[in-house]
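J.: These are the residues of each chain, in order.
Protein chains: 2
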Amino acid sequence: MTETAPRPTLEAVAARAGVSRATVSRVVNGGDGVREPLVERVRRAVEELGYVPNQAARSLVTKRHDAVAVVIAEPETRVFADPFFALQLRGISKELTAHDSQLVLLLTEGRADHARVGRYLAGGHVDGALVFSLHLDDPLPELVQRAGVPTVFGGRPGWGDGTGSAVYVDSDNRGGAREAVRHLVGLGRRRIAHITGALDQTSAVDRLDGFRDVMVDADPGLVVEGDFTPAGGERAMRELLGRCPDLDAVFAANDLSASGALRVLRDEGRRVPDDVAVIGFDDMLPVAEQTDPPLTTVRQDIEEMGRLMARLLLRGLDRRAEDPGVGGVPSSVVLPTTLVRRASA
Amino acid sequence: MTETAPRPTLEAVAARAGVSRATVSRVVNGGDGVREPLVERVRRAVEELGYVPNQAARSLVTKRHDAVAVVIAEPETRVFADPFFALQLRGISKELTAHDSQLVLLLTEGRADHARVGRYLAGGHVDGALVFSLHLDDPLPELVQRAGVPTVFGGRPGWGDGTGSAVYVDSDNRGGAREAVRHLVGLGRRRIAHITGALDQTSAVDRLDGFRDVMVDADPGLVVEGDFTPAGGERAMRELLGRCPDLDAVFAANDLSASGALRVLRDEGRRVPDDVAVIGFDDMLPVAEQTDPPLTTVRQDIEEMGRLMARLLLRGLDRRAEDPGVGGVPSSVVLPTTLVRRASA
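Protein sequences, first through last, are from chains B and A.
With the working numbering applied, the first sequence covers 23 to 367.
With the working numbering applied, the second sequence covers 23 to 367.
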């Protein structure tokens with residue numbers, strides 16, 4: 023560890039400025055009631071000594087940390103393997119930086135660590151939290167609520183206690199899925215299969231519902247559960263071909279699983295889109311452009327979702343600061359999706 | 023934001039347990055001097071009410087947060103684009119989780135945000151910091167020192183004030199580079215070029231020094247600056263071929279830039295290794311195995327470096343807790359490297 027010089031104290035600043043300890047404290051914490059010449063002297067002493075106020079103490083007074091926690095309910099390996107999270111973080115990072123708020127990403131090895139995340143959130147280290155990729159039965163929503171930090175969710179939480187009034191940013195997953203499947207129907211496809219996402223997440227359930235809205239009498243064998251990963255898409259595609267060798271289209275719950283499905287179709291000698299049309303979800307670049315053939319997909323603006331989550335949270339914090347009694351609760355936002363046509367369908 | 027139920031207070035716990043506020047405070051903060059039956063009653067009340075101690079207040083007493091900050095001195099876009107960082111974080115995450123310490127990753131848009139990172143570090147939110155990928159003239163080392171948090175660096179800092187006694191974990195960059203270049207010489211190559219890393223980082227400078235140790239009289243035109251990215255490797259390779267069309271080997275400062283160099287060599291019709299032998303640095307998988315041809319490279323154990331950084335920091339914190347007067351300062355560690363032979367050289 024770095025050998026550190028002793029940190030300048032509040033007392034040292036007071037001595038240097040020739041004022042009382044209480045005066046330094048008031049100036050440092052932005053309090054009023056100190057005459058301008060004294061404020062100037064304290065500020066100069068703070069600068070000369072390189073004094074950094076202890077925010078653990080300071081935050082007890084000011085209650086703002088200028089920091090926002092981001093919690094992704096996935097193991098860190100998944101966070102770095104799936105570009106979805108990098109994109110969402112990019113939007114969050116831009117927005118928080120624009121407001122000079124520090125992005126504090128709390129990484130974990132998995133769900134067993136969520137109690138520790140809850141403790142950190144409750145510990146008075148951040149002004150609020152952005153929580154995304156929640157799974158069914160995850161204790162996080164309750165831990166977050168118990169921690170008492172203002173929170174905006176990425177994706178509709180949809181389960182668990184106390185999330186009934188949760189504020190979230192989501193895409194129109196069900197509507198987007200409907201549009202994808204209708205497009206396949208319009209192409210004359212009749213044996214349309216669906217590779218779902220992880221069904222313990224609302225985004226996967228909503229896309230499955232959208233599929234079913236259009237394929238009301240679909241053969242249940244045409245729906246296979248995936249997990250939003252390329253490997254999951256490969257597994258599901260093999261199972262689908264085994265069950266229903268005559269399928270003529272696949273709607274995959276995201277682009278990564280669609281890329282896995284495309285690999286299996288090629289290995290099995292099925293031409294895309296001639297024999298089997300394929301549609302993904304996300305419009306994740308460069309993935310969706312680099313598949314063979316390039317992927318028709320349902321676009322959602324992932325970076326914008328991140329930006330909006332951060333914006334809603336910061337706006338709520340500002341309102342709360344103005345009116346601590348009630349606190350302004352912003353509304354949830356559901357963003358529209360767009361079908362992007364490339365070669366695969 | 024989530025509408026939160028009022029958080030149970032210390033007073034509520036005291037009332038429920040039928041003890042004084044001070045007793046609850048002592049139990050919650052792990053203090054001694056409370057009789058066992060009372061401790062039991064307080065614990066039960068804490069559990070029943072779901073009481074979470076306010077750590078901002080608590081940490082003023084206990085001085086431990088069970089959280090460690092990780093600062094990567096790169097914009098977040100780079101953090102998610104270069105698998106080096108994901109690997110180092112994996113090692114850090116495993117080690118911290120094993121000690122139930124929360125990994126707090128502080129992301130930024132760039133160097134302009136480092137003052138804010140310094141404020142967070144100084145704010146009493148973490149027990150220590152792991153800082154890596156430092157660049158020359160970065161204010162971070164000084165900010166970290168001023169923040170007064172125990173710190174272990176990833177890679178030798180090497181510049182700036184106050185880092186003379188810094189504790190760091192590094193690889194033997196210079197020795198590894200020497201071994202790579204000697205291998206090329208052993209293959210009979212004479213016109214050996216070097217694509218450097220970003221020369222405002224010590225790892226790049228050390229690898230260049232290792233190259234020069236062996237190629238004492240090298241044509242200066244055979245050294246071109248890269249930046250550790252595939253695109254930088256492509257640019258540098260094009261420049262090298264323009265300057266020295268007769269080169270017969272390239273040592274690139276990392277695998278990502280080697281992958282860029284390989285693409286340019288293929289585009290220009292040079293056979294690897296017959297016409298030009300190529301060696302990288304890192305043994306970054308799957309990159310090093312998936313290049314065409316697979317890459318001979320200098321292996322460093324990146325995940326282990328992360329694990330060691332975390333271990334050194336935690337050990338130092340424990341020693342400091344035992345003997346707050348002096349604090350145990352662990353020593354820096356430099357890990358050996360190994361040449362891994364594949365098809366490219």
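Among these hints, one or two may not hold up.
The list makes no distinction among identical chains, and a pair is therefore deemed to hold if it is satisfied within one copy or across any two copies.
[What the hints assert, rightly or not] Only pairs whose alpha carbons sit at most 20 Å apart, straight line, appear in this in silico SDA-like list of lysine to any residue:
#1 Lys116 with Arg288
#2 Lys116 with Asp323
#3 Lys116 with Asp135
#4 Lys116 with Arg141
#5 Lys116 with Thr251
#6 Lys116 with Phe102
#7 Lys116 with Leu330
By construction, these hints were calculated from the structure, which means they are not laboratory data.
All of these numbers come straight from a predicted model, not from anything done at the bench.
J.: State for each hint whether it applies.
T.: These are the hints, each one checked on the structure:
no. : hint               : in the structure
1   : Lys116 with Arg288 : neither (39 Å within a copy, 38 Å between copies)
2   : Lys116 with Asp323 : within (15 Å within a copy, 32 Å between copies)
3   : Lys116 with Asp135 : between (27 Å within a copy, 11 Å between copies)
4   : Lys116 with Arg141 : between (27 Å within a copy, 19 Å between copies)
5   : Lys116 with Thr251 : neither (27 Å within a copy, 23 Å between copies)
6   : Lys116 with Phe102 : both (19 Å within a copy, 15 Å between copies)
7   : Lys116 with Leu330 : within (11 Å within a copy, 32 Å between copies)
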